[in-house]
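*Asks:* Next come the chains, spelled out residue by residue.
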Amino acid sequence: MNYVFDIMGPLLEGTAVTIQVFLITLVLAVPFGLCLALLRISRFKVLSGLVNGYIWLMRGTPLMLQMLFIYFALPFVPVIGIRLPDFPSAIVAFVLNYAAYFAEIFRAGIQSIDRGQYEGARVLGMTYPQTMRRIVLPQVIKRILPPMSNETITLVKDTSLIYVLAMNDLLRAARGIVQRDFTTTPFVVAAAFYLIMTLVLTLGFQRLEKKYAVYDE
Amino acid sequence: MKKTTSVLIAALVAGVLLSACGKKEEAPAPAAAPAPAAMKGIVVGLDDNFPPMGFKDEKNELVGFDIDLAKEAGKRLGAEVTFKPIDWSAKEAELSGKRVDVLWNGLTITEERKANILFTTPYLENRQIIIVLEKSPLKAKADLAGKVVGVQDGSSAVEAVTKDEATAKSIKELKKFGDNVTALMDLSAGRLDALVVDEVVGRYYAAKKAGEYRVLEENFGTEDYGVGTRKDDTELMGKIQKAMDDMKADGTAATISTKWFGKDIIKK
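Protein sequences, first through last, are from chains A and B. The working numbering numbers the first residue of the first sequence as 1 and each following residue consecutively. The working numbering numbers the first residue of the second sequence as 1001 and each following residue consecutively.
The set of hints was computed from the structure by calculation and includes no laboratory data. All values reported here derive from a predicted model rather than from experimental measurement. Among the hints, a few may not be true.
Which chain B residues face chain A? A few, computed with CB under 8 Å, are given here [to be verified]:
id, residue
1, Phe1055
2, Asn1060
3, Glu1061
4, Leu1077
5, Gly1078
6, Thr1082
7, Ile1086
8, Glu1092
9, Ala1093
10, Phe1177
11, Lys1209
12, Ala1210
13, Gly1211
14, Lys1259
15, Gly1262
16, Asp1264
Between beta-carbon pairs, the in silico distance windows are [unchecked claim]:
id, chain 1, residue 1, chain 2, residue 2, range
17, B, Lys1176, A, Val27, 53 to 63 Å
18, B, Glu1092, A, Phe87, 33 to 43 Å
19, B, Lys1071, A, Glu13, 55 to 65 Å
20, B, Asp1245, A, Thr154, 47 to 57 Å
21, B, Ala1168, A, Phe5, 41 to 51 Å
22, B, Glu1080, A, Leu195, 35 to 45 Å
23, B, Leu1174, A, Ile196, 51 to 61 Å
Even for Gly, the Cβ is constructed at its ideal location relative to N, Cα and C.
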């Protein structure tokens, strides 16, 4: 038991990195994903097609590959080549990737709203943005909560991929201790940390779902 | 926010320009500066999960044989040494991408690596030893025939085993692991029959679990550890080589070796 306390320091530091990547990604990818979703369902065929291609690219290649590309290959790309440090590289990759998944969740939510509601809103004299904000999106939020909780929980665990950039997230910190002390206890402690994080998310989403259940009537 | 960014960029650009000018002024008069000129910082890339060469201790601080050596060299060169953990299998990309200046972490000098990396003269001699379970019947290299042998991916053990063609052909499978610890765990779990690993590293782990592992008499040959820089970075290489030679000559390297390995195993 004493040993568990001894290794707590590095594991907590790792958890801090994990939570940082998680929160920043979430805060940036959700609005970006919403924009993508709106463009995807827009009447402009070119925009919709471009977003479609983007989503295909982001969902069609591994997140780890995207991260390695941004970190190692991007500096050598002509014209747009920039050299990002490790943390921004990871964030850019995560946001670009997760926004694509979020966009599809949002699109499914938006398109699940009956056409009649748009027509009703128009009869009441609402503009398209008004209809979106007041009528459609509140119902969308309720419907997309379950898939969003799925995706956010996946994001917590996907943060462990940043080890390829040698960033010390929770899992890499645990692996480091395993390598030093040659015991598997750190893995068990790390698992407990992940479970606590996902438990918080699960409970949070359950509360949100209850709150939005008012639209059931 | 935008303003701060542009100020920062301006400062950066100015800094780069100034330092570039500074260099030009210094260059024509090298003889006039006998005192060790202050260098810009050196970024040392290392696998920070590689005991006893470089790893994090109980206080979460980076320690190890190569860490001590690099710090001492930095002190002698008047350069600030920063350690940047890297994923070992991406070390060439880190170096050529200029994210690190030096690879100093039990880096084996191999012909293949020489194509892309400039090395110092060897500072440590290392053998590729074969580790098996204490109760394993394996006794010699020949016994590896038809067995599953493990190595760390991207390590020089891969090359050492493949070079030994007769043995490489006889073994059933060469399994490549992300790190040596997972390989040792696989050994204990019985999915692996033997592990080929750097002696300094293998002995560190074997000592952690006394009585569980055995090191075979035969090995996959001797090799040398060197410090690596970019192929065109001859200036930095010259300085590191000089610091290394000095440390070997005045016994500092031997002291550091004794601290970590209990004896002086520095290659003169």
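*Asks:* For each hint, tell me whether it holds in the structure or not.
*Replies:* A quick look at each hint next to the structure:
1. Phe1055: Interface hint status for B/Phe1055: holds (5 Å vs cutoff 8 Å).
2. Asn1060: Cβ of B/Asn1060 sits 5 Å from chain A, so the hint holds.
3. Glu1061: violated (10 Å)
4. Leu1077: Interface hint status for B/Leu1077: violated (25 Å vs cutoff 8 Å).
5. Gly1078: violated (26 Å)
6. Thr1082: violated (13 Å)
7. Ile1086: With a closest approach of 5 Å, the B/Ile1086 hint holds.
8. Glu1092: Constraint on B/Glu1092 not satisfied, violated at 10 Å.
9. Ala1093: holds (5 Å)
10. Phe1177: violated (12 Å)
11. Lys1209: holds (6 Å)
12. Ala1210: violated (11 Å)
13. Gly1211: violated (13 Å)
14. Lys1259: violated (17 Å)
15. Gly1262: violated (18 Å)
16. Asp1264: violated (24 Å)
17. B/Lys1176 with A/Val27: 53 to 63 Å: With Cβ atoms ~38 Å apart, the hint is violated.
18. B/Glu1092 with A/Phe87: 33 to 43 Å: Violated, at about 22 Å.
19. B/Lys1071 with A/Glu13: 55 to 65 Å: Violated - the Cβ-Cβ distance for B/Lys1071 and A/Glu13, about 22 Å, lies outside 55 to 65 Å.
20. B/Asp1245 with A/Thr154: 47 to 57 Å: holds (53 Å)
21. B/Ala1168 with A/Phe5: 41 to 51 Å: Between B/Ala1168 and A/Phe5, where Cβ atoms are some 46 Å apart, the hint holds.
22. B/Glu1080 with A/Leu195: 35 to 45 Å: With a Cβ separation near 41 Å, B/Glu1080 and A/Leu195 satisfy 35 to 45 Å, so the hint holds.
23. B/Leu1174 with A/Ile196: 51 to 61 Å: violated (40 Å)
Consistency note: the structure conflicts with the earlier hints numbered 3, 4, 5, 6, 8, 10, 12, 13, 14, 15, 16, 17, 18, 19, 23.
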